[in-house]
Amino acid sequence: MKLNHIKYIVLAAGLSFAGCKRVLDLQPTDKVTADAIFGDPAGVKIYMANLYYQLPIEDFAFFRAGFNQNGGDPNNGGFSPAMETDEAVHTEFGDFVGDGDFHWWDQGYKLIRDVNLLIDYIPTLKIRDDERAALKGESAFIKAFAYFALVKRYGGVPLMKKSQVYTGDAEALKVPRSTEKETWDYVMELCDEAIANLAATKGSRRASKYAAYALKSRAALHAASLAKFGNRITLTGPAVDQKLVGLDASAANGYYKLAIDASAAIISSNQLSLYKPNPTDPAQAAENYRELFQDPNVANDNEAILIKGYSLPGNNLGHNYDIWYQPAQVANGWPHPGRMNPTLDLADVYESYTAPGASAPIVTRTDGNVTDYNGFNSGTSYLQFDTPNDIFKNKDARLWATAILPSTNWKNISIIIQAGFVKPDGNAVIRTKDQITVSGTTYYSYGAPDVTMYSGFDTYGGNNTRTGFSFKKFMNQTKPIEAGWNRSTSDWVEFRYAEVLLNYAEAVIESGQGDAVLAAKVLNDIRHRAGHTTNIPLTADNVQRERRVELAFENKRLWDLIRRREFHTEFNNRFLHSLLPLQDLRALPAKKYIFVRVNVPNSGSKTFQPKSYYRYVPGIGSNGLVQNPQY
Amino acid sequence: MNKFRLILFLSVIALASCKKDNYDGPTAGLSGNFFDATTHELVQMDIIRGTQIEFIEHGYANPATQTMIIKNDGTYANTLMFANTYTIKIREPNFIPVPEQEVVINGQTKLDFQVTPYIRVKDVSIVKNGTKIVATFKLQQNVINNVSKIGLYAHSDSRVGEPMRVVAKEQSIGAVTNPATVYTLEIDIPAYPNELKAGNNYYFRVGAFIDIGGTKPNYAPAVKLTI
Numbered sequence: 000m001k002l003n004h005i006k007y008i009v010l011a012a013g014l015s016f017a018g019c020k021r022v023l024d025l026q027p028t029d030k031v032t033a034d035a036i037f038g039d040p041a042g043v044k045i046y047m048a049n050l051y052y053q054l055p056i057e058d059f060a061f062f063r064a065g066f067n068q069n070g071g072d073p074n075n076g077g078f079s080p081a082m083e084t085d086e087a088v089h090t091e092f093g094d095f096v097g098d099g100d101f102h103w104w105d106q107g108y109k110l111i112r113d114v115n116l117l118i119d120y121i122p123t124l125k126i127r128d129d130e131r132a133a134l135k136g137e138s139a140f141i142k143a144f145a146y147f148a149l150v151k152r153y154g155g156v157p158l159m160k161k162s163q164v165y166t167g168d169a170e171a172l173k174v175p176r177s178t179e180k181e182t183w184d185y186v187m188e189l190c191d192e193a194i195a196n197l198a199a200t201k202g203s204r205r206a207s208k209y210a211a212y213a214l215k216s217r218a219a220l221h222a223a224s225l226a227k228f229g230n231r232i233t234l235t236g237p238a239v240d241q242k243l244v245g246l247d248a249s250a251a252n253g254y255y256k257l258a259i260d261a262s263a264a265i266i267s268s269n270q271l272s273l274y275k276p277n278p279t280d281p282a283q284a285a286e287n288y289r290e291l292f293q294d295p296n297v298a299n300d301n302e303a304i305l306i307k308g309y310s311l312p313g314n315n316l317g318h319n320y321d322i323w324y325q326p327a328q329v330a331n332g333w334p335h336p337g338r339m340n341p342t343l344d345l346a347d348v349y350e351s352y353t354a355p356g357a358s359a360p361i362v363t364r365t366d367g368n369v370t371d372y373n374g375f376n377s378g379t380s381y382l383q384f385d386t387p388n389d390i391f392k393n394k395d396a397r398l399w400a401t402a403i404l405p406s407t408n409w410k411n412i413s414i415i416i417q418a419g420f421v422k423p424d425g426n427a428v429i430r431t432k433d434q435i436t437v438s439g440t441t442y443y444s445y446g447a448p449d450v451t452m453y454s455g456f457d458t459y460g461g462n463n464t465r466t467g468f469s470f471k472k473f474m475n476q477t478k479p480i481e482a483g484w485n486r487s488t489s490d491w492v493e494f495r496y497a498e499v500l501l502n503y504a505e506a507v508i509e510s511g512q513g514d515a516v517l518a519a520k521v522l523n524d525i526r527h528r529a530g531h532t533t534n535i536p537l538t539a540d541n542v543q544r545e546r547r548v549e550l551a552f553e554n555k556r557l558w559d560l561i562r563r564r565e566f567h568t569e570f571n572n573r574f575l576h577s578l579l580p581l582q583d584l585r586a587l588p589a590k591k592y593i594f595v596r597v598n599v600p601n602s603g604s605k606t607f608q609p610k611s612y613y614r615y616v617p618g619i620g621s622n623g624l625v626q627n628p629q630y
Numbered sequence: 000m001n002k003f004r005l006i007l008f009l010s011v012i013a014l015a016s017c018k019k020d021n022y023d024g025p026t027a028g029l030s031g032n033f034f035d036a037t038t039h040e041l042v043q044m045d046i047i048r049g050t051q052i053e054f055i056e057h058g059y060a061n062p063a064t065q066t067m068i069i070k071n072d073g074t075y076a077n078t079l080m081f082a083n084t085y086t087i088k089i090r091e092p093n094f095i096p097v098p099e100q101e102v103v104i105n106g107q108t109k110l111d112f113q114v115t116p117y118i119r120v121k122d123v124s125i126v127k128n129g130t131k132i133v134a135t136f137k138l139q140q141n142v143i144n145n146v147s148k149i150g151l152y153a154h155s156d157s158r159v160g161e162p163m164r165v166v167a168k169e170q171s172i173g174a175v176t177n178p179a180t181v182y183t184l185e186i187d188i189p190a191y192p193n194e195l196k197a198g199n200n201y202y203f204r205v206g207a208f209i210d211i212g213g214t215k216p217n218y219a220p221a222v223k224l225t226i
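Chains as they are written, first to last, in numbering that gives the first Met the number 0: chain A, 0 to 630; chain B, 0 to 226.
The reader is advised that the hints may include incorrect statements.
Said to hold, decoys possible - In silico DSS-like links for lysine-lysine, alpha-carbon gap of 30 angstroms or less:
id, chain 1, residue 1, chain 2, residue 2
1, A, Lys605, B, Lys148
2, B, Lys70, A, Lys605
3, A, Lys478, A, Lys201
4, A, Lys605, B, Lys223
5, B, Lys196, A, Lys605
6, A, Lys242, B, Lys88
7, A, Lys242, A, Lys109
Simulated from the structure, these hints should not be mistaken for lab results.
With these hints in hand, go ahead and build the complete structure from the sequences.
Here you go:
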């Protein structure tokens with residue numbers, strides 16, 4: 000009893016003392032104050048790590064739903080932006096660009112707010128001048144990266160040049176959209192600030208002068224293409240009238256010049272080069288190219304300009320490419336592998352070493368017809384091949400390193416991709432499980448008796464390719480699949496020297512400015528790395544073909560189609576295509592294969608709507624911004 | 000028991016917060032036709048990527064722009080709108096643009112447009128001739144731009160058009176056309192065994208594309224044929 004009294008007294012005293020403090024001025028103990036973070040360089044480092052994490056890098060965890068789609072339950076079904084283009088289809092589902100896809104608005108402004116807060120504090124930090132310059136440069140780089148991601152989605156956006164302070168009037172915080180031109184120019188200005196402040200260091204996972212130049216090269220080329228090819232579509236409405244979307248054609252050459260200068264600054268520094276630029280033969284070229292993506296750190300001192308690391312298996316620190324995209328035969332317990340199916344359309348684009356300088360569509364018939372997609376016809380004369388991949392002989396090494404071709408080895412297993420067979424009587428069995436015994440030997444329509452022994456065409460589990468190709472680029476050959484989320488730790492190279500060279504070549508040929516001799520040389524340097532020995536001239540077509548094959552699956556094709564305003568003509572009621580490898584049992588006892596070009600089975604046509612070149616601006620009811628055309 | 004009381008109490012509170020909203024549902028509507036001002040025929044459209052009507056309801060600070068799709072045959076209807084004044088704009092027209100207008104919508108309102116299509120596709124004949132579908136037609140341009148291409152499109156659905164077809168036979172023009180020229184486009188049926196199956200009905204439609212900001216299509220009505 001007595002003790003209880005004391006307790007109450009203590010409690011009352013405690014309460015009364017507490018009452019002396021001004022409760023509203025208390026600092027919360029579950030949050031760190033700005034001064035505590037920015038007052039300490041280590042705190043700034045942690046803050047920077049968070050900013051880099053938010054950077055809109057279109058990597059393994061980028062999908063139409065957004066960035067960093069690898070936390071919590073990262074199940075996106077195995078989709079990838081490549082499947083919204085002509086690079087690939089999903090094994091199981093159809094998909095195409097919708098209004099709700101590829102947004103980055105709230106997250107963009109959150110990152111810009113976070114980086115603006117840091118910029119406010121940089122002058123007050125007690126750090127050395129070189130560290131201060133580096134921080135200024137990195138902040139500008141991050142901000143430029145963020146505005147580039149916004150402007151390529153929405154056109155002109157509100158420019159938050161410094162952090163806002165809330166003074167009780169929400170209306171005062173509303174900033175109208177700037178014009179698309181002003182927004183691109185702001186991206187250029189931020190790149191210049193980054194370039195001026197950053198050091199020319201190589202192999203860093205933080206922004207360097209080279210990374211800033213590479214960003215400017217990419218962004219300026221994007222803006223230049225929008226200006227040059229803007230007249231391929233017309234959009235109407237208030238956003239167009241106010242120039243919030245669209246660039247004048249007269250702006251094209253200015254942006255091309257910026258792309259040329261930024262790329263040339265990297266080239267002329269002589270500090271960067273292509274990884275293993277002189278292979279002895281195409282086989283070695285294919286292996287070099289494959290290595291570069293399995294682990295870009297091998298090119299830390301030459302080709303890789305900025306790498307995003309995936310350091311540890313687990314949420315946010317690992318990704319899911321290996322479980323989704325390895326061919327079904329190496330699934331190792333993962334229930335839904337093999338989901339990235341490179342298309343025949345992409346495979347056709349790769350050159351042949353025998354006829355350099357042009358796409359080499361895969362010829363399946365003696366009459367050379369490569370436009371018939373009507374399926375197997377017993378009356379047609381097909382070319383016969385001794386193995387399921389002889390048909391790709393002489394194709395550019397990068398095809399072999401980007402896609403797993405039928406019956407090539409992967410992880411010491413022959414990956415069997417077969418769509419059916421033609422019986423000795425001439426009847427074909429295609430995409431149906433079947434077997435036939437001829438002279439004591441049993442043949443299987445899918446190339447092997449059991450679903451665990453092949454990787455093509457059977458619809459079982461949505462696991463087997465339906466295009467005839469499985470996926471290789473970025474796949475880790477050295478480790479077995481771990482059947483769980485976020486177990487892949489291969490790193491992503493965001494900027495690499497080859498892209499800078501291609502940007503240079505494109506800007507030169509499209510604008511007639513810059514050094515055409517150097518542009519042709521760098522274009523051919525990339526081809527030499529891929530095992531080519533014949534030089535081709537600098538033309539717009541050659542540059543675009545080279546981009547498609549060199550940068551395939553690096554999530555560049557989507558934006559190339561958008562910036563060059565080619566999406567709506569490339570995808571106008573378009574079917575994508577598959578290559579069906581069939582064993583021709585009519586040739587027995589010889590082992591022969593034929594191939595049939597068809598539309599991708601079980602899929603429809605795709606049409607791109609011109610309004611989709613711009614995403615809709617979210618929340619116009621409350622933010623009062625002008626909406627983009629036709630939304 | 001206590002638990003039961005709590006649940007009862009909470010549900011009373013929950014229900015109390017639901018007030019039935021007493022606004023009327025959308026009872027008005029807008030419908031009409033796009034007529035060729037000269038021939039008084041309906042102007043044919045594309046259902047995908049075709050001309051659209053944008054309408055903005057007055058009386059709101061940040062009104063959302065809503066969109067109506069015009070049907071293939073040049074008619075349109077939205078029977079669920081709120082009675083009010085609206086701004087009506089035509090987007091991506093395949094006819095010489097018309098100014099926006101304010102319309103009071105009260106009950107089911109009718110609003111027709113008299114327009115001049117960029118191209119009139121005239122004297123159309125689409126017939127099956129042996130194993131071929133043969134289309135002949137003339138073009139009458141109403142603007143000076145080039146005709147970029149002409150096409151004959153086939154689909155099992157009557158809304159057939161350039162973006163919605165299983166087979167297309169197209170010809171690039173890239174010039175101003177002569178109204179006296181007869182154009183012929185042919186689809187060889189056996190060349191498309193998967194797309195055009197014998198015994199089935201298909202719709203065929205010819206179109207011409209004027210080169211105005213990309214290309215804008217004008218069509219003649221679709222023709223149904225059994226092949």
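Quick rundown of the hints versus the structure:
1. Lys605(A) x Lys148(B): Satisfied, since the Cα-Cα distance of roughly 21 angstroms is no more than 30 angstroms.
2. Lys70(B) x Lys605(A): holds, 21 angstroms
3. Lys478(A) x Lys201(A): Holds. Lys478(A) to Lys201(A) sits at ~29 angstroms (cutoff 30 angstroms).
4. Lys605(A) x Lys223(B): holds, 25 angstroms
5. Lys196(B) x Lys605(A): holds, 22 angstroms
6. Lys242(A) x Lys88(B): Holds - the C-alpha atoms of Lys88(B) and Lys242(A) are around 19 angstroms apart, at most 30 angstroms.
7. Lys242(A) x Lys109(A): Status holds; Cα separation ~25 angstroms.
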